[in-house]
Each structure stands twice: as C-alpha cells, then as structure tokens.
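Engineer: The hints should help you fit chain B onto chain A, whose structure is shown.
Those protein sequences? They're chains A and B, same order as listed.
Counting from 1, position 184 in the first sequence corresponds to residue 184 in our numbering; the numbering is continuous, with no gaps.
Convert by adding 287 to the 1-based position in the second sequence; the result is the number in our numbering.
Just so you know, these hints were derived from the structure itself, not from any lab.
The beta-carbon is built from N, C-alpha and C at its ideal position, and this holds for glycine as well.
Please note that the accuracy of each hint is not assured.
Stated by the list, open to error - Derived Cβ-Cβ restraints for the label pairs, each shown as a range:
hint	chain 1	residue 1	chain 2	residue 2	range
1	A	Glu152	B	Asp429	52 to 58 Å
2	B	Val323	A	Glu269	22 to 28 Å
3	A	Asp251	B	Asp429	38 to 44 Å
Number of protein chains: 2
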Amino acid sequence: MKTGIIGLGLIGGSMAIDLRRKGFAGSIAGVEADKVNAAAALNMGLVDRLVTLEECVSECDLVVLAVPVGAAVKMLPEILDMFSKEDAQGKCRKTVIDVCSTKEQLVKIAHYHPMRSRYVATHPMAGTEYSGPWAAMPGLFDGKACIICNHEESDPAAVHIVEKMYDCLNMRPIYMNAVNHDVHAAYVSHISHITSFALALTVLDKEKNEKHIFDLASGGFSSTVRLAKSNADMWVPIFSQNRENILRVLDTYIEKINAFRKAIDGFDEEGIRSLIVDANRIKRIIR
Amino acid sequence: MKTGIIGLGLIGGSMAIDLRRKGFAGSIAGVEADKVNAAAALNMGLVDRLVTLEECVSECDLVVLAVPVGAAVKMLPEILDMFSKEDAQGKCRKTVIDVCSTKEQLVKIAHYHPMRSRYVATHPMAGTEYSGPWAAMPGLFDGKACIICNHEESDPAAVHIVEKMYDCLNMRPIYMNAVNHDVHAAYVSHISHITSFALALTVLDKEKNEKHIFDLASGGFSSTVRLAKSNADMWVPIFSQNRENILRVLDTYIEKINAFRKAIDGFDEEGIRSLIVDANRIKRIIR
Numbered sequence: 001m002k003t004g005i006i007g008l009g010l011i012g013g014s015m016a017i018d019l020r021r022k023g024f025a026g027s028i029a030g031v032e033a034d035k036v037n038a039a040a041a042l043n044m045g046l047v048d049r050l051v052t053l054e055e056c057v058s059e060c061d062l063v064v065l066a067v068p069v070g071a072a073v074k075m076l077p078e079i080l081d082m083f084s085k086e087d088a089q090g091k092c093r094k095t096v097i098d099v100c101s102t103k104e105q106l107v108k109i110a111h112y113h114p115m116r117s118r119y120v121a122t123h124p125m126a127g128t129e130y131s132g133p134w135a136a137m138p139g140l141f142d143g144k145a146c147i148i149c150n151h152e153e154s155d156p157a158a159v160h161i162v163e164k165m166y167d168c169l170n171m172r173p174i175y176m177n178a179v180n181h182d183v184h185a186a187y188v189s190h191i192s193h194i195t196s197f198a199l200a201l202t203v204l205d206k207e208k209n210e211k212h213i214f215d216l217a218s219g220g221f222s223s224t225v226r227l228a229k230s231n232a233d234m235w236v237p238i239f240s241q242n243r244e245n246i247l248r249v250l251d252t253y254i255e256k257i258n259a260f261r262k263a264i265d266g267f268d269e270e271g272i273r274s275l276i277v278d279a280n281r282i283k284r285i286i287r
Numbered sequence: 288m289k290t291g292i293i294g295l296g297l298i299g300g301s302m303a304i305d306l307r308r309k310g311f312a313g314s315i316a317g318v319e320a321d322k323v324n325a326a327a328a329l330n331m332g333l334v335d336r337l338v339t340l341e342e343c344v345s346e347c348d349l350v351v352l353a354v355p356v357g358a359a360v361k362m363l364p365e366i367l368d369m370f371s372k373e374d375a376q377g378k379c380r381k382t383v384i385d386v387c388s389t390k391e392q393l394v395k396i397a398h399y400h401p402m403r404s405r406y407v408a409t410h411p412m413a414g415t416e417y418s419g420p421w422a423a424m425p426g427l428f429d430g431k432a433c434i435i436c437n438h439e440e441s442d443p444a445a446v447h448i449v450e451k452m453y454d455c456l457n458m459r460p461i462y463m464n465a466v467n468h469d470v471h472a473a474y475v476s477h478i479s480h481i482t483s484f485a486l487a488l489t490v491l492d493k494e495k496n497e498k499h500i501f502d503l504a505s506g507g508f509s510s511t512v513r514l515a516k517s518n519a520d521m522w523v524p525i526f527s528q529n530r531e532n533i534l535r536v537l538d539t540y541i542e543k544i545n546a547f548r549k550a551i552d553g554f555d556e557e558g559i560r561s562l563i564v565d566a567n568r569i570k571r572i573i574r
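Isolated chain A (complex conformation) (with noise of 0.2 Å):
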C-alpha cells in the first residue's frame, strides 16, 4: 500500500522501519518540517523520498500523522480537506491516521467534516524518552496495545486497513470511545511523565554535584526519572489538550503525596506501612 508518513520521529520512523520490514508499505513518503531530520531520515532510509504535505496526500492511500498534537490537530482538516477535493473528482478512498496521545480533540474537530469517515483515531501504547529519527527502531511496537477510537464513525473499510496495519506492527488492538481514552491515558500515562519531570528537577535543584547524582543513581532512579528525558514539543501540547484529566489526576497524586508526608512527619511507622502495602497492589497487574 501507498503509504505517507507525515513526522519522521521516533513513532513515525519506527512506523517506517516495520511497515517496510513487514511488506505493508511497499514505497513510504515522508513528510518532515525539520530540515536536519528530513534529510537524516533519507540518509538513514527510513522513507524512501521527501515529499510536501500535499503531494503525501495526492500520491499516498494511507496516511499517518505522526506529529504533535497540537500540529495534528491543525494538520487534520487540512488533510480531510484535501481528501473532499478528490472526492470531488470521483470517490476519494485514501484513508488518514494519526497516532497521538490525546484523542478527544482530534476527533471533536474532525467530526463534521463531510471526510470524517477518511479518518481512524488510533494511539498505539509504544515509547520510548528519545526522540527524533535517530531515535526511530524496529519492534518498537511488537506486542503492544493499540486503542483505536470512536471506529463507529469511520468507514469499515478505512478501520480494517487500520487493523491490517496494526496487525503488521504486531500490536493488540483496543476499542475505545476517546473521551475514556483521554482519561485512562491521564491516569496510565501522562502522570508518570509528571512525576518524572518533577523527581528530576527536584534532584538537579539539590544535587549541585552532579558527580553525586550520577555516582548515587541506582537502578531505581534510573527508572523513575527515565521519562523526564522526554521531548518538550511532544508534551506540552499534550498537557494542555488533555488539560481537564490532568489535574484531576494531579490531584489525587498531590493527596497521597501528602499522606506520606504526614505519616513520615507524624512518626506514624503503621500509617507509613499502609500506605506502601496498599500500593504494592500494583504487583498482581504489573509484572
């Protein structure tokens, strides 16, 4: 299949990498605004040329947009858009993905468009804190889940193209309305990042000696503050899309952060030991 990757980072180059490992993708399009990570891409063959925006939707039937949210959400329309000026010629059968970690607002503004059918909501639950193509890799996305949102609003055909890709990739698929998606990734997923970035300035603001920091750094801060490498234009659009969940997570975080607090600061030795019984719970669903 004709495929076109618009954002050559880590998701869509390790996309790149699979689809064409795999057989789906045959040729793969890129589509990238940064200069340095275009031609890195080429270099590295992740696609096979560089194209712009619209030449990626006029030559490409699968289209998967693997940028930012908060540039997913500008570049949709315009993709959908594109996809009524063929159709205007005859019936426009190319389908467009993208691959976000919010869902909510990419499917609110795609919802009256007259090529809303086009477009399938999918977020495939795979990551890493790298980013750019360099940091793109193969098997990035073997065995995991993939939610694929308000499917009943897309065509069946462009949905099973979705699946047969995904299925490529060797992932699970998931269905899930986005609002729900958008709350259980604040909860799963995005608080994480939080706390990472939090435990990270929290360490670099103390630590002045960061030979103490490194030589100190057992494995288990090592994992806890792995996120915080994580890239800011990802991130930041998806604080603020997914604004409302966050804080309502936050929140609760910021409770029990004080309980342990004051059992600490309270000499409360069974209030301490409750409270990590209680979250060592998360044994029997992480292994």
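Structural biologist: Coordinates of chain B only, in the frame set by chain A:
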C-alpha cells in the same frame, strides 16, 4: 574467609551467591529469623548452614548485617558486645559491616562502643524491587557504587577486608560522611520510592478496572511505577530513620509538582515547556 550473613533476603542472598562464586567466602553461615525464608535459603544453597546470631558471631571472621535498618540498629550493638567478650580473652580481629540504605543512626549508635573500630558502615547501591531469598541473583552488585561511611572511625585492617570483599563483587568504593550519605540518599534514592508508591496509589484509586491499567500501561508507566512493588519491611524503617532529609526533599518535590499543576491549570504552555526543558538536563547525568 569465614563469612556469616545475617538476613537472607535480596541483598544478603545475592552477596552470598557472588562471594562464594568469586572465592571470597569458603563456607557461609546464615542467620534468618523468618523460618520459611531460612529453609528456602538453605534449600537454594545460598548458605551452607543456618546458625544462631551467637554462633554466627563466634564462628565467623566477617559478619554481614543485611537486615532492614530498624533491626540493624538493634543488632549492631549486640554484635559489637559479643566482639567485646571475645576481645576480653585476647585480641578480637573480627569485622562486622551493615549494608543498610541509611547510615547516620547506625554510625551514631556505634560511635562510643569500645569495639567501634571493628565496624564498617557500607551501602552497596544495588537492588531490585523484589525481596526474599528467591529474589537473590548473581551479578546484582556488578559495576555499581558502594558507599563506605566514616571509614576513619574503623580499623584500617577492617576497612581493608571490606574493600577486598566489595572488590570481589566488582563494586566501586566511594567514601563519604554518614550525614552526607543520608542527605544524598534521600534525594537520589528514597524520594523515587515515595513518588512510585504515590503513583501506584493514584492509579489504583482511580482505575477501578484493572484490565485498563494492564492494557494501557506502556513501558513508561511500568518503569516509573516499578519501585512501588518494594517491600514495606525494608522501606518503613528507612523513611523513619531518614525522616528529616526525606521531609525536606518531599517539600521540594511537592513544589515542583505544584509548579506543573499551576502551569497546566493556567494554560501556560511556555511555563510547561520551560519546566520540561529544565528537567531534561538529567540527560547529561543519567544515560
């Protein structure tokens, strides 16, 4: 060297495996209060025999105290008392070390003991979120840092033996004052555990549907919440013993979380960006 290990959990058990494998300890005697753990450690071959505390001290030249810090604070003076008795009959050349995550109280409690010089305070910076003898593994300490505290209060010969032992485990020794150790440990290790416990509590509170957590937990969440599986028996006394340092770190941490909350609440994208970019500096230190 005749080595005795008191506490056959993750740390004691992993030391037993490697000290034997590297030829440092010919025969290892183990002391373990929990009957099931004791029998398991013997069956698994972590130790050659189970003995009482008194037998351990009387038979061994090097005693490793690998129990939670609350118990270690009680047992260290008892062991030094036993050394005193032996010393009355001649020169006692035995050495005791602890491997706890907080050092100030231990060093303080031993400070005026007549056998103080036979005690070396150490903190091997290694671990996993698992506990018990079944969590013991070879290579746990390999390449990591080991803090040796207040070594000037220990007999140079005793320090030398301990350095040799940690060299066998392939650990890098770092020398530090116990008070400073506890400040740094609060920042770089203890706080990560509290943020992880609080994250687990938040998600468990809100996500009544455990399947959603499992489905949506990408690698990011799993690594951030990993430490929340850690054992209460180990962590309650650490939080108690390092209370003041931890409270100070928690206050800074709560400030940072609130800074995120305020920026997100106030639609302040530039503020969010600058917090993230600031946090990204951790990249230079943690690879």
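Engineer: State for each hint whether it applies.
Structural biologist: Now for the hints, and whether the structure bears them out:
1. At roughly 53 Å, the beta carbons of Glu152(A) and Asp429(B) sit within the given window of 52 to 58 Å.
2. Taking the beta carbon of each, Val323(B) and Glu269(A) are about 24 Å apart, inside 22 to 28 Å as hinted.
3. A beta carbon spacing of about 42 Å between Asp251(A) and Asp429(B) agrees with the range 38 to 44 Å that was offered as a hint.
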